[in-house]
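Using the sequences provided together with the hints, build the complete structure.
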Amino acid sequence: MITITAFAQSSKAYLELNTGLSLPVFTYSSNNLESGCFTQPGFTVSAETGIWLYKKWGFSILSGLQLHSVDVGLLGWEKIQADPFLKDLYIRSDPYRIIHIMAGPEYAFQIIDKLELDIQILAGVFFSRTPYQLYKPTYYMVGPEYYEITSSKDISFAYGGGLRLNYAITPCYDLSLKSDLLTSNAAFDFSTSTGIRTEYRTISMVNISVGLVLHLF
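Numbering (this note's numbering), first residue to last: 293 to 509.
If you are wondering where the hints come from, they were derived from the structure by calculation, not from laboratory data.
Among these hints, one or two may not hold up.
[Stated by the list, open to error] Simulated restraints on C-beta separations:
no.	residue 1	residue 2	range
1	Thr494	Phe351	19 to 29 Å
2	Glu440	Ile353	32 to 42 Å
3	Phe351	Thr319	45 to 55 Å
4	Ile403	Ser322	45 to 55 Å
5	Leu366	Gly453	28 to 38 Å
6	Ile488	Lys348	21 to 31 Å
7	Val317	Ala374	19 to 29 Å
8	Asn323	Met433	23 to 33 Å
9	Glu440	Ala374	10 to 20 Å
[As the list claims (entries may be wrong)] Here are the simulated lysine-lysine pairs, DSBU-like style, with alpha carbons at most 30 Å apart:
no.	residue 1	residue 2
10	Lys371	Lys428
11	Lys379	Lys428
12	Lys428	Lys347
13	Lys445	Lys428
Even glycine gets a Cβ: it sits at the ideal position worked out from N, Cα and C.
Below is the structure:
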């Protein structure tokens, strides 16, 4: 995982490019058929830009993509337990895809010489997409050979916060360790034989990345 960041204590603006680990948390990662998504740790890539407005106060805008795979083995097991007529179930699934666009203020703390901690408060939107899934069930009696669940999209309000630890190697370059906690309440619509069904899901994740810091102007 590689992060390239443009940022400077003495500069007025910065640009940041990140890749790293994205960890689903809370109900988004749970294995509950009613509220969970059976998601697993995935990957994140993001870009961020910001400007320092007054002393240690700044404002940042960031956007990123997260992919979280689905634990199809556990999902199939839970569906078998919930359906007494189902003998076995094979599932193929795409990952959940989350695109975020966030903005908010940030504040920089000088911990010791060359070491700085930045704190961000963020708000924005999630562009969420559920996975396309193919089901091949085996019933004790007669049942369909296969069925599919198509992908659904939603745009929802999101909020969270971030921490970034910078260590200055030279006046132009820093090393950074960054972590963000982001969450949103999404509503996904699915077409069924009886009409439109809406499933509500809380999407929460922790993104962690490390990288290189480059000063701008």
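Okay, the hints, checked on the actual structure:
1. Checking the proposed 19 to 29 Å range against Thr494 and Phe351 shows it holds: the Cβ atoms sit about 27 Å from each other.
2. A beta carbon spacing of about 38 Å between Glu440 and Ile353 agrees with the range 32 to 42 Å that was offered as a hint.
3. Under the hint 45 to 55 Å, the C-beta atoms of Phe351 and Thr319, about 31 Å apart, miss the expected range.
4. Our hint of 45 to 55 Å for Ile403 and Ser322 is violated, since their Cβ atoms are close to 36 Å apart.
5. Look at Leu366 against Gly453: about 30 Å separates their beta carbons, and that is inside 28 to 38 Å.
6. Taking the beta carbon of each, Ile488 and Lys348 are about 49 Å apart, not inside 21 to 31 Å as hinted.
7. At about 24 Å, the CB distance of Val317 to Ala374 agrees with the hint of 19 to 29 Å.
8. The hinted range of 23 to 33 Å is satisfied by Asn323 and Met433, whose Cβ atoms lie roughly 27 Å apart.
9. Taking 10 to 20 Å as the suggested C-beta distance range, the pair Glu440 and Ala374 conforms, at roughly 19 Å.
10. The straight-line distance between the Cα atoms of Lys371 and Lys428 is roughly 12 Å, inside the 30 Å bound, and the hint therefore holds.
11. With a C-alpha separation of about 11 Å, the suggested pairing of Lys379 with Lys428 holds against the 30 Å cut-off.
12. Between Lys428 and Lys347 the CA atoms are separated by roughly 60 Å; this puts the pair beyond 30 Å, and the hint is violated.
13. With a C-alpha separation of about 24 Å, the suggested pair Lys445 and Lys428 falls inside the 30 Å cut-off, and the hint holds.
Of the numbered hints given earlier, the model fails hints 3, 4, 6, 12; all others are met.
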